[in-house]
Amino acid sequence: MVRKVLEKKIIIAIYSGIIPGSVFIENLVRLVATKSVKVLIFGKGKNIDYRNKNITVYKTPENFFKKSIFIIYQLLFLLIIRPQRLIKLIKKYKYIPKSSSIIDMLSKILPVINHLPDIFHIQWAKSLPYWFFLKEIFGVKIILSLRGSHINYSPIADKNLAKKYKYFFPNIDYMHAVSKTIGSKAMLYGADQNRIKIIFSCLNHDLIKNYYKSETIIHKPYRLLTVGRFHWIKGYHYSLTAIYNLIKKNIPIEYTIISNNLPSEEFLFQISDLSLHDNVVVLNLSSQEEVYNKMIESDCFLIPSIEEGISNAVIESMSIGLPVISSDCGGMREVINHGENGFLFKSRDVISLEKVLLMVMNLNNQERGDIISSAQENILKNYNSNIIKNEFHNLYNMTMGVKN
Amino acid sequence: MKIGLILNRPPSKSETFLISKIKGLQKNGHEIIIFANKNCDFQLCKVVAMPVVNRFIPIQIIKMFYQYILLIIKIPFVTIKFLKLEKIDGKSFRKRWENLYLNAKILKYKIDWVHFGFATTTIRKENIAKAINAKMSISIRGYDIFIYPLKNPNCYNTLWEKIDKVHSISNCLLKKAKEYGLDDTIKQSIIYPAVDTSIFFRKKGEKQLINSKDSIELLTVARLHWIKGLEYVLQAIKYLNSEKFNYTIVGDGIEYERLALAIDQLNLTNNVQMVGYVPHSKILSYYKEADMYIQYSLEEGFCNTVLEAQSMGILTVVSDASGLKESVNNHVTGWIVPKRDPILLSEKIKEIVSLNHKELDKIRNNAVKRIRKKFSLESQEYQFNKFFNEDLF
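Here the protein sequences line up with chains A and B, keeping their order. Quick note on numbering: the working numbering labels position 266 of the first sequence as 266, and the sequence is numbered without any gaps. Position in the second sequence (from 1) plus 1000 gives the number in the working numbering.
The set of hints was computed from the structure by calculation and includes no laboratory data. Hints are supplied without guarantee of correctness; some may be wrong.
Residues from chain A that face chain B, not an exhaustive set, calculated with beta carbons under 7 Å [what the hints assert, rightly or not]:
hint, residue
1, Tyr153
2, Met187
3, Ser272
4, Leu276
To be clear about the criterion: a stretch of chain B counts as covered by chain A if any three or more of its residues have a C-beta under 8 Å from a C-beta of chain A, and this derived list gives those stretches [claimed, not checked]:
hint, region
5, 1147-1161
6, 1175-1181
Heads up, the beta-carbon is just placed ideally off N, CA and C, and yes, glycines get one too.
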């Protein structure tokens, strides 16, 4: 059965709403688009040349005028080329998503209806209720990736959202989780454990294979690195306090944060209030290559997050040979075995972070080398792109086999 | 005297500092006109809505030309003077005319004082006062001084050159403003916020022995915002490791999710309630239930709720944020704990609970007395009247 399905090319729409999506999504798109899987991308954003004939981008314009023309074109296409879909849509109009702007709604859904995929792979759980009509009207299979705030904390704070999840989650064909922890969170909202497939994040091996930290010298001041956007979930208020406390104890540290957004007011305030201007550097690097070079130049990678699925930057650091310290939040405990391939501290606990930082700073070459080797072995074994690619292809095939 | 008060929006009922300030000035015979970006149902005085920018450019252009024609017909000299002052400040042609449109409503009024309720509201309005021959003053508040300049360095450089007088709600704010260029040639005045002690007062014998109670009620009234340090309080509650403590947060704000996650992760759902926005008139019932008030902010210009809590004889614990050190006298009217340290905060709470009734009552009485003496509405009224009167020509 699976073999039969494989013979036919599966069409997957990977939907995040924005083009390009996050590093994880972009890696996923490039990885799964092969001879047997065609990937469609819908959303607003930039024109990207993926240089892969198995990837097709359908971009929605943002300008009001262009959007109106786009809708007329899409409606005509639907009427002339796919009239049966239009009839279905009219018959089951009550399933069409509600939206404050009809223009926005039509510009979003029409290209998807015109280029209907076999599987609609949703990247953000909050958009699940919006897109569920594809299953209800056209029988498109739905896969939901469990990622970020949408599963980690939004439903805790928003009871209505939790209620929606409880309604939709049991009806999803399959779910993908980057860690067991995040998968178990979906089960709180009625997701079927047997329909959750754990597939770790993967690396862009073609790119990262050229980067390796061979230098063993530890810098003074100690070079600590974090890669992550400025958002409270990243826990910078805890890492900055720990660094402040260590600097007060005359332990020199240079803390670099690489982020793709501007520092938040909270971050700027903490820097000013703790007088860390001379100890903290914020970089906005445009390419992944530059990030990898910075990892090579650093002594240790730190993830102070309050909640994480599995941090891509941690996997990259481990692969490059940079020792990692992470909070024990979310899926990080599944990547890092404390003292074996990296280090964990208690989430939100500044004293615990200080202790771990001191321990890592004082590792001798042998101990540091053992940690790095073990980390690289772990990444090669579990985060290998070939393995992850097969896992995703299996997920798509299993989903195609689900009877509606 | 006619005072034009410039705000982002008319004060809500809960903004006691502004409400009591307006009432006090009116009581002393001043006429107050509020100029705000939004109009709303505000009864205390006249509110003039500032021009808004329409997102459709042709409509906006028509609106601008209409305002310009009105200005040139009604107040040609003021209009020319305003544009000249803007030019002297080096503003571009486009900026000058944009600012003329944005300030058109105020320029039409004859006012003695143009008073900005926040320093940030002065941006693009620096030349209004001089153009209409009025005095210019500002009130500096926590966000103005502690946060805004971090993202906008040198944002107040032009302001300090134009201003006649500065009002600060605390010493620490004034000190910080000086780091951003405020110099002593500009007249400065510290007028603390005030508490209506006829509403926020302590009934004798109302408080029970805290250490003999089955449940100890902790309270914070604050916006749900990182600067309020609520995450650290939640951690402190966790460190208390006792079902005996019940913590209520009154207020809403942008960081509800952040706190909801912290409550969930720290397993505090049975001990912590976030009750959301409560109108100021109904807050009293929360104070009445509270045994201890906690304000563990990372920074505060001052803090009205800390005054209200002390006025009601609630045991008050605050962080060592600048303004809070002026709101509470450590070990006399309450307790001050270094910020960002939830372990220390939890230890302090435990220590307070272990104190005997006599010691706690002494602190409560001291707090009530200090509030009545230093933060009364009468004193605020007198000082604001003096603020505007003594410097008028």
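Okay, the hints, checked on the actual structure:
1. Interface hint at Tyr153(A): satisfied, since its Cβ lies 4 Å from the closest Cβ of chain B, which is below the 7 Å cut-off.
2. Among the interface hints, the one on Met187(A) is violated; its C-beta lies about 16 Å from the nearest C-beta in chain B, farther than the 7 Å criterion.
3. Interface restraint check: Ser272(A) against chain B, minimum CB-CB distance 6 Å, threshold 7 Å, status holds.
4. A distance limit of 7 Å between C-beta atoms decides the matter here; for Leu276(A) the minimum to chain B is near 13 Å, and the interface restraint is violated.
5. Counting residues of the region 1147-1161 of chain B whose CB lies closer than 8 Å to any CB of chain A gives 3, so the stated coverage by that chain holds, three being the minimum.
6. Restraint check on the region 1175-1181 of chain B versus chain A: 0 residues with Cβ-Cβ distances below 8 Å, three needed, restraint violated.
In summary, the structure is inconsistent with hints 2, 4 and 6 from the numbered list given earlier, while agreeing with the others.
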